[in-house]
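Chemist: For reference, the chains in residue letters:
Protein chains: 2
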Amino acid sequence: MKFTLQSTDKNSKARAGELVTAHGTIQTPIFMPVGTAGSVKGVHQHELKQDIQAQIILGNTYHLYLRPGLDVIQAAGGLHKFNGWDKPILTDSGGYQVYSLTEVRKIKEEGVTFRSHIDGSKHLFTPENVMDTQRIIGADIIMAFDECTPYPCDYRYAKRSLDMTHRWLKRCCDRFDNTDPLYGYEQTLFPIVQGSVYRDLREKSAETIASFGRDGNAIGGLSVGEPAEEMYAMTEVVNAILPFDKPRYLMGVGTPINILENIALGIDMFDCVMPTRNARNGMLFTRNGIINIKNKKWEADFSPIDPDSDLHTDLFYSKAYLRHLIHSKELLGAQIATLHNLHFYLWLVQEARTKILEGTFYEWKNKMVKQLGERL
Amino acid sequence: MKFTLQSTDKNSKARAGELVTAHGTIQTPIFMPVGTAGSVKGVHQHELKQDIQAQIILGNTYHLYLRPGLDVIQAAGGLHKFNGWDKPILTDSGGYQVYSLTEVRKIKEEGVTFRSHIDGSKHLFTPENVMDTQRIIGADIIMAFDECTPYPCDYRYAKRSLDMTHRWLKRCCDRFDNTDPLYGYEQTLFPIVQGSVYRDLREKSAETIASFGRDGNAIGGLSVGEPAEEMYAMTEVVNAILPFDKPRYLMGVGTPINILENIALGIDMFDCVMPTRNARNGMLFTRNGIINIKNKKWEADFSPIDPDSDLHTDLFYSKAYLRHLIHSKELLGAQIATLHNLHFYLWLVQEARTKILEGTFYEWKNKMVKQLGERL
Chain A
92 MKFTLQSTDK NSKARAGELV TAHGTIQTPI FMPVGTAGSV KGVHQHELKQ DIQAQIILGN
152 TYHLYLRPGL DVIQAAGGLH KFNGWDKPIL TDSGGYQVYS LTEVRKIKEE GVTFRSHIDG
212 SKHLFTPENV MDTQRIIGAD IIMAFDECTP YPCDYRYAKR SLDMTHRWLK RCCDRFDNTD
272 PLYGYEQTLF PIVQGSVYRD LREKSAETIA SFGRDGNAIG GLSVGEPAEE MYAMTEVVNA
332 ILPFDKPRYL MGVGTPINIL ENIALGIDMF DCVMPTRNAR NGMLFTRNGI INIKNKKWEA
392 DFSPIDPDSD LHTDLFYSKA YLRHLIHSKE LLGAQIATLH NLHFYLWLVQ EARTKILEGT
452 FYEWKNKMVK QLGERL
Chain B
92 MKFTLQSTDK NSKARAGELV TAHGTIQTPI FMPVGTAGSV KGVHQHELKQ DIQAQIILGN
152 TYHLYLRPGL DVIQAAGGLH KFNGWDKPIL TDSGGYQVYS LTEVRKIKEE GVTFRSHIDG
212 SKHLFTPENV MDTQRIIGAD IIMAFDECTP YPCDYRYAKR SLDMTHRWLK RCCDRFDNTD
272 PLYGYEQTLF PIVQGSVYRD LREKSAETIA SFGRDGNAIG GLSVGEPAEE MYAMTEVVNA
332 ILPFDKPRYL MGVGTPINIL ENIALGIDMF DCVMPTRNAR NGMLFTRNGI INIKNKKWEA
392 DFSPIDPDSD LHTDLFYSKA YLRHLIHSKE LLGAQIATLH NLHFYLWLVQ EARTKILEGT
452 FYEWKNKMVK QLGERL
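Residue numbers (my numbering), protein chains in the order written: chain A, 92 to 467; chain B, 92 to 467.
Worth flagging that the hints you see were computed from the coordinates, not collected in a lab.
Mixed in with the good hints there might be a few duds.
Each pair may be met inside one copy or between any two copies, as identical chains are not told apart.
With a straight-line cut-off of 27 Å between C-alpha atoms, the simulated DSS-like cross-links for lysine-lysine are [what the hints assert, rightly or not]:
{"no.": "1", "residue 1": "K140", "residue 2": "K337"}
{"no.": "2", "residue 1": "K104", "residue 2": "K213"}
{"no.": "3", "residue 1": "K172", "residue 2": "K420"}
{"no.": "4", "residue 1": "K178", "residue 2": "K250"}
{"no.": "5", "residue 1": "K420", "residue 2": "K178"}
{"no.": "6", "residue 1": "K446", "residue 2": "K178"}
{"no.": "7", "residue 1": "K385", "residue 2": "K420"}
{"no.": "8", "residue 1": "K385", "residue 2": "K213"}
{"no.": "9", "residue 1": "K104", "residue 2": "K261"}
{"no.": "10", "residue 1": "K172", "residue 2": "K388"}
{"no.": "11", "residue 1": "K93", "residue 2": "K199"}
{"no.": "12", "residue 1": "K446", "residue 2": "K93"}
{"no.": "13", "residue 1": "K387", "residue 2": "K213"}
{"no.": "14", "residue 1": "K140", "residue 2": "K261"}
{"no.": "15", "residue 1": "K461", "residue 2": "K420"}
{"no.": "16", "residue 1": "K213", "residue 2": "K261"}
{"no.": "17", "residue 1": "K261", "residue 2": "K385"}
{"no.": "18", "residue 1": "K213", "residue 2": "K420"}
{"no.": "19", "residue 1": "K461", "residue 2": "K250"}
{"no.": "20", "residue 1": "K295", "residue 2": "K213"}
{"no.": "21", "residue 1": "K213", "residue 2": "K388"}
Quick caveat, the model's predicted, so the values are computed rather than measured.
Construct all of the structure, not just a fragment, from the sequences and the given hints.
Modeler: Now the structure itself:
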């Protein structure tokens, strides 16, 4: 994997770059749609590629491991072959899901035992077997197995957890470096900075993570409930330490404003379930802020969903029709709203990139943040 | 509306025709995908048009009346404008839904009172207001308000109900003929033959319906649980009486074999929720019979969903991936399976039409029925 910085903003830390993977080039900053179980909910692969112009999607190791299971994915020749998405894929390590989705779990030095949210069966994730699992899934970028601490999290717990996450990282790297890709193309491992909202822990973690000298680095444990200001403060602390010439991935963030502010702080990669999950409940992100399409005010508004957009579905369907579909729990409502939100997120980061390359990012970002004016 | 018979099969009663409506021409025999609430579940309008090549879709008066409601549809300028489907639409009269979906209902000479399945609110459907409602929805073909009797149904009930349905038809025609279309284009009213599985009642009903001299006629109250042989027998009895030169619509039918057998008996138009509803549970219709894609046997079958198809999604996605999506209740699973089934149904009637025009229908139909060999 090769990362090239093409331009850095003079009034902020924003950067535009290019990340070359075995399945194609990603232009950064980038947003990665979440395809939990190997499918971005409600969106066909050709829509992702042609309508949304997604450059990379996410898969969840936890979900894919449980269903369809590693035997099936390996027999298919990896996730790309299984779901037909031939562009880059990133898989998380399951670290987040075993804490957020499973009810019975036990965290030990060895790893985490948990029960499947599907059938209650018992499983163990360790740094080593999570690397093996991600070798089998075959994503271009794979993530270290970490503990993602909740918010709020007391200092002592955060510190102890962080130390374990660092020891786990060593085990992840050892396993990863001593195994080969299964399908003939290169995979890259990103370690994850943790440390909750404690500046000193974040600094220590960033230094540790940087010392591993991997090809890219991630920041985890944010967007878990903390105020946006704390999130930005942590990103700033960490980015001052993480290597400048390597891609930085802020996991699970966030709203359009969160994304713009973090781009300004030097983040290159984002993922979040918000545009897809909230779409299914009728929350639309637009360049003029957030719309709840279920509101009565859209009942007889027959204007296009988003006249500012160049997406066919945004121009073809009306707000009133989409409102009706969401109210009626019609599948098509989820499909249309998801396409809209993902298209908007991809437009936002593409626009940010253009402004960085033009040298006008900072001014544009401040204007957009005002215009978005979101209140969630 | 103008119907032209283009060809009739010499070894059966099958016919190929063309039905010209204000929103375009329908080539018969045709299958009409069901878009209950103004949307064919899981399918974009452009997919219906370009991928499935649907020529006409159905809407349900009962559902549309309750949600989004007539005010919204009228403000939009009718259902075509509301949902963006600019080809022909047919609406049923709500007669079936008020019996099958509502729990509290009372059938009187005046009409049917029922409670909404959405919010329990009380409503009255009469032959007159159902015509007015369908004027507002603005479908090209609208249906008379009838009572659809269940199966089994005792003779006395079926007879009494039929007489009322006939009196209601008179009221429907009076109201329809004394009102104008709201949106400037012609609408056509089809009456419905009832009579359960009683030959004499079906004959009597067909004669009554024919005497109204409308531009097309429908057969209702079949595919409600009776054996296929009874369904075919009733179609045969009725079609011997219904005018030869007008389109015949068999409501709510059915499996691929049901459709082929009824085409052979002289039916021109079909609708059924089976290809869409069953798709969502993983039942796929193929030219070699029915597949339950959830079966273990497809778990690692990475061959295309349907190699015989020319639909992109049938060739792009594998059986194993679709199985995974349906098991995981992913929206994309419903989308892919629905596209597949509708494409297959449309292919089937298009193929039947080609064979009728070629003069080889009867032989082909018998071969196909064997090949389909369906057991539901």
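Chemist: For every hint, state whether the structure bears it out.
Modeler: Against the structure, the hints come out as follows:
| no. | hint | verdict |
| --- | --- | --- |
| 1 | K140 with K337 | within (26 Å within a copy, 46 Å between copies) |
| 2 | K104 with K213 | neither (45 Å within a copy, 62 Å between copies) |
| 3 | K172 with K420 | between (32 Å within a copy, 20 Å between copies) |
| 4 | K178 with K250 | neither (38 Å within a copy, 64 Å between copies) |
| 5 | K420 with K178 | between (31 Å within a copy, 24 Å between copies) |
| 6 | K446 with K178 | within (25 Å within a copy, 43 Å between copies) |
| 7 | K385 with K420 | both (11 Å within a copy, 24 Å between copies) |
| 8 | K385 with K213 | between (40 Å within a copy, 24 Å between copies) |
| 9 | K104 with K261 | neither (30 Å within a copy, 77 Å between copies) |
| 10 | K172 with K388 | between (45 Å within a copy, 19 Å between copies) |
| 11 | K93 with K199 | neither (35 Å within a copy, 76 Å between copies) |
| 12 | K446 with K93 | within (23 Å within a copy, 58 Å between copies) |
| 13 | K387 with K213 | between (46 Å within a copy, 22 Å between copies) |
| 14 | K140 with K261 | neither (36 Å within a copy, 55 Å between copies) |
| 15 | K461 with K420 | neither (33 Å within a copy, 39 Å between copies) |
| 16 | K213 with K261 | within (26 Å within a copy, 67 Å between copies) |
| 17 | K261 with K385 | neither (49 Å within a copy, 41 Å between copies) |
| 18 | K213 with K420 | between (34 Å within a copy, 22 Å between copies) |
| 19 | K461 with K250 | neither (37 Å within a copy, 70 Å between copies) |
| 20 | K295 with K213 | neither (34 Å within a copy, 66 Å between copies) |
| 21 | K213 with K388 | between (48 Å within a copy, 25 Å between copies) |
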